[in-house]
Amino acid sequence: MINKVVASADAAIAGIEDGMTLMVGGFGLCGIPENSIAALVRKGVKNLTCISNNAGVDDFGLGLLLQNRQIKKMVSSYVGENAEFERQMLSGELEVELIPQGTLATRCLASGYGMPAIFTPAGVGTEVAGGKEVRNFNGTDYLMEYAFDSHFAIVKAWKGDTSGNLVFRATSRNFNPLMAMAGKITIAEVEELVEPGQLDPDGIHTPGIFVHRIFQGSAYEKRIEQRTVRKRN
Amino acid sequence: MINKVVASADAAIAGIEDGMTLMVGGFGLCGIPENSIAALVRKGVKNLTCISNNAGVDDFGLGLLLQNRQIKKMVSSYVGENAEFERQMLSGELEVELIPQGTLATRCLASGYGMPAIFTPAGVGTEVAGGKEVRNFNGTDYLMEYAFDSHFAIVKAWKGDTSGNLVFRATSRNFNPLMAMAGKITIAEVEELVEPGQLDPDGIHTPGIFVHRIFQGSAYEKRIEQRTVRKRN
Amino acid sequence: MLDKNGIAKRISRELRDGYYVNLGIGIPTLVANYIPDGMNVVLQSENGLLGMGPFPFEGEEDPDLINAGKQTITTVPGSVFFDSAMSFGMIRAKKVDLTILGAMEVSDQGDIANWKIPGKMVKGMGGAMDLVASAKNIIVAMQHVNKAGESKLLPACTLPLTGVRCVKRIVTELAVVDVTEAGFKLLERAPGISVDQIKNATAGRLVIEGDIPEMVL
Amino acid sequence: MLDKNGIAKRISRELRDGYYVNLGIGIPTLVANYIPDGMNVVLQSENGLLGMGPFPFEGEEDPDLINAGKQTITTVPGSVFFDSAMSFGMIRAKKVDLTILGAMEVSDQGDIANWKIPGKMVKGMGGAMDLVASAKNIIVAMQHVNKAGESKLLPACTLPLTGVRCVKRIVTELAVVDVTEAGFKLLERAPGISVDQIKNATAGRLVIEGDIPEMVL
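Chains as they are written, first to last, in my numbering: chain X, 1 to 233; chain R, 1001 to 1233; chain L, 2001 to 2217; chain Y, 3001 to 3217.
FYI, nobody ran anything at the bench for these hints, they're computed from the structure. All values derive from a computational prediction rather than experimental measurement. One thing to keep in mind: the hints can contain errors.
What the hints assert, rightly or not - Taking lysine-lysine pairs in the DSS-like style, the calculated list, with each CA pair at most 27 angstroms apart, reads: (1) Y/K3116 / R/K1072; (2) X/K184 / Y/K3136; (3) Y/K3147 / X/K184; (4) Y/K3136 / R/K1222.
Kindly produce the complete structure, drawing on both the sequences and the hints.
What follows is the structure in structure tokens.
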């Protein structure tokens, strides 16, 4: 097996330069690559375009890059709950492209599967359709949407082996396996790094062929955005 | 959870009528729905169109339906190793549509994911491209291929729970999860049927929402087409 | 006049045994509290879960286990996790039987607006555009009139659209209406609400045929 | 003149550490026997496996574990199984570094024919059309001439095509040639084979520049 292990988050993000496009996994703060984001803050690369379902909160997740003025453009489906984001967007410092969540996911899938474009009914008849090709199949209109083109994808998995095979846990899976497939260079951070053969070959979500660099992250904070509980009776 | 269990293979194939289109999982004889095929032979439905990567061998798999003259048309990527198939095809009794294997798989995926068409470079410039729309993206030509439309999908899994969640084993996965997603009505036979909660929710390949009927098969023969071994030193 | 829980309770009567259901944020989430005993309904959360359970007990929150509203949740036996492409795949392929979501405006052709108010901070459509474009059955849970007393059931939406000609049924604090070729068709009145009150609160075309029964909750 | 194992051995010199490789049926399968010690090469089998191992020991065959040629095989530590859509997804997305397959004919523009002979029973293209359309590097392992002594390296294929302008390199019993704008470019001679022998066996345009070295095996 091919060894994809790098020593640290800082080593993993080598080659990420000003102006590049990054895909960043996670849904809200769930399943985000915390260690890699911290390394990007340390590195200080600027003018990034980030394709990510959300933009973090003010002081966590991609919010840390926003605080540090490292992001030029966000491509997301939902960017609420982030005052600094709102300020930068309204002041024109930050460019925002909003995309339906399923379209975002499927454009990642298209990249990973080598399909240049897909058809989806999401957004037909809305401002999202502006400038896009509309095509009717069997009486239904669909928008043609293109595969994403990004320099790097950065994802977070639960477990991974040294050859880059990844397993995700619960809903922290979300966009991670899709972006892992879509990156020209894919960086994976994992909570637990194991040797090849220690993951069930039937249970791997992302085959290592899609992953170029892997490292075991540390000190995961896993912040909860909406802590909702019920009382014990 | 919703209970999808039916009593037998014969009960599972209820509603399959003459002239219908069926997707049948498996690659060669690996991962084929043996019990359901036997039930189709017993039922004797005729003029079937079968979408399946292969056509079995003379006396096993879909070959049993061919022997019994139940198939009008095969949609496959490879149909070698079947003398009865060859005889029926050359005599004009059997219609055959050959499709590149990746196109076959992706047309199933398209159905399962509600995408009316996909683009693939496979077959560009060959006779497979005949009559199809060719479209250039970023300097490469692609064929537009349509999602499959079938009445039933019949798949074989290793384990399944009563709500239809499926887990496949090794390379018997192949087309099974794709066809499971693509069927208007999906029938799954499993080697072991368990209660909801007994399968790892992170390790399920096909969510039960795609499966309409499930039953535990019996007496799996699992015939091997090419028994290749090496000597112990 | 119904409160939010009343709207949710009325919508729960639209559930059928064996349904897979996607519940939006707000009133739709409350519908989960009124699933009839013994009825098997599976909740889909578009961030990658089939079989959403109730909120966790305090101290048992799992940061890796949230719903599309980013709330901590639990699973039920038979739950399954998947990625976002498969999640919207099953939505797009119409495997989800019923989608219940909120709206700012609905037109009498079934258009819906629920994601953007010009001049205000736009948070994004999330999965709403995918859900409304693909759902085989959409019920909207909403207030009949806004805080200024203006109808939200309109001849045409004034806000940017989320989807066109997709809403099938609307449940409000005043009424249940279906979207038909002829406009909003009044089906039921909320307890104590008159047909005239509903007429006055509805700006879009309203079809009233025969006696309009009061809702059974 | 090389035998089949010789061709496979020569092709094995094209492997690089860290490559993901798809091997077709026939001579390409033999390449697996010549992977240099210590080189990490991962074999992809398009029926849904990364990390194909050797054939099983007798008695250890697993009917659920086969390769694309339907042969019983084994896995290696770190192997992973996936469905056919993901398998061809990774092929289409050019994640497989090298594809080695057989051919009936190759043209001097890189067209390949390897799936159909008119008048004979057509078995189907299997995954060949996907592989040749998408591979970032394709090496063809084939005989230079057919049993009748006719060249299979042609100005244009006579058989139905599998793919167009896709073959990069060809290894035969006589030679190694690259497909270039100017036609087949002769790179190496098989041991004991002269340039003239190769010329005589090649019907397509053949570019010969300088001294042509003998293969190192």
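Hints, one by one, checked against the model:
Among the hinted pairs, Y/K3116 with R/K1072 is consistent with the structure: their alpha-carbon atoms are about 23 angstroms apart, no more than 27 angstroms. Of the pairs offered as hints, the one joining X/K184 and Y/K3136 holds, with about 14 angstroms between alpha carbons and a cut-off of 27 angstroms not exceeded. With a C-alpha separation of about 45 angstroms, the suggested pair Y/K3147 and X/K184 falls outside the 27 angstroms cut-off, and the hint is violated. Taking the CA atoms of Y/K3136 and R/K1222, the gap is about 36 angstroms. The hint is violated against a cut of 27 angstroms.
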